[in-house]
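So the sequence lines, in the order shown, correspond to chains F and H. Residue numbering for the first sequence follows the numbering used here, beginning at 1 and increasing consecutively. Residue numbering for the second sequence follows the numbering used here, beginning at 204 and increasing consecutively.
Any given hint could turn out to be false.
As the list claims (entries may be wrong) - Chain H stretches covered by chain F per the calculated footprint, using a threshold of three residues with CB under 8 Å from any CB of chain F:
| # | segment |
| --- | --- |
| 1 | 276-283 |
| 2 | 297-306 |
| 3 | 353-366 |
Hints are computed from structural coordinates only; laboratory data are not their basis. Note that the Cβ used here is the ideal one computed from N, Cα and C, for glycine as well.
Each chain, written out:
There are 2 protein chains.
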Amino acid sequence: MKKVFILFTLLCTTLPASAQGVSCCQKEAQGCCRKNPVIESIMTRTSVRQYQNRTLSADTIEILLRAGMAAPTARNCQPWHFVLITGKDVLEALGGRSKDAPLAIAVCGDMTKALEGEAREYWVLDCSAATENILLAAHALGLGAVWQGVYPIQQRVEQVSQLLKLPETLVPLNVIAIGYPGEAPAPKDKWKPENVTIRKGLE
Amino acid sequence: MKKVFILFTLLCTTLPASAQGVSCCQKEAQGCCRKNPVIESIMTRTSVRQYQNRTLSADTIEILLRAGMAAPTARNCQPWHFVLITGKDVLEALGGRSKDAPLAIAVCGDMTKALEGEAREYWVLDCSAATENILLAAHALGLGAVWQGVYPIQQRVEQVSQLLKLPETLVPLNVIAIGYPGEAPAPKDKWKPENVTIRKGLE
């Protein structure tokens, strides 16, 4: 019986994510959060604001960037640019949590790739999805990270743009501070069933 | 040797995501995308626009909603509301990909929880992160989904608000169509190194 359970657990965790299906998981929602490594990772990610004094390898950074660029975008316009900040003086000048991190990534909207008219603002949604991918990838790689908001606070946008010497076509959405975690904060339980409404029919 | 490799692979895939670290992965960025189930899932998620005629269990839907609510939000204000749409008539009236899906989730900003002043627009970023979590969770559960943009296109906002009879305090950011996949589109490779700039120092 024990062997069957182990086999079942291994099957659940070793199959490619897309092949796991809900068959392993649908018995109980919270149980699944522990069995499916992707769901588990989404549920346990939390903001990490203290970091070890240890740099990240180029390969690790590339994985984070690849994860960001894997996000979906409106009409596949990929209206983004990523500024890697590794210089201690720049990190300190940025302040906030960046000053203690070995790396920060400024996720920027690239206005030369943004859509036209009313759809222009979709860059904000697209870059937010990219940011969430980076945060999840960092967590999955044993790193800690925190999303530090910039846009749409105009003063912050100007400050960060000046510091990073961004061309006018780039708008910084945020600065993500990233490093090996120097703290292990418990993930917040933000599940609130009252945040859900069911609409079954038109009437 | 084969046994050692199997043990190594199992260790990589069965440890909690946060404990895996980069030690299994940092050798080569693309190799890691295949070894780490979370990175793999982020990289292979893609928009799915055709669905099987099969409903989702309540537990599966709850996992999707829990994933959404696990996203980070500015000052932890959680400015969101999720409308589950299961009625065939509503799905058809929504049109787009929703009309062929067994389920749609409208991710809405809840203006009673949004921040004040310039920071108000942060609801868009927060709800976008929640949406990306739902898309990734769907993929991890063997489902297919697509983000159908609504906000900030005013006409779409009004149309969806009327159809879903949303109170004035809720603004629909999107409608996610979700179901068991009826197609298996190849994920897009959107990696573009030219989308990255490195800033090492202030000068």
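Task: Index of numbered hints that the structure contradicts, given in increasing order - done: Number 2 only.
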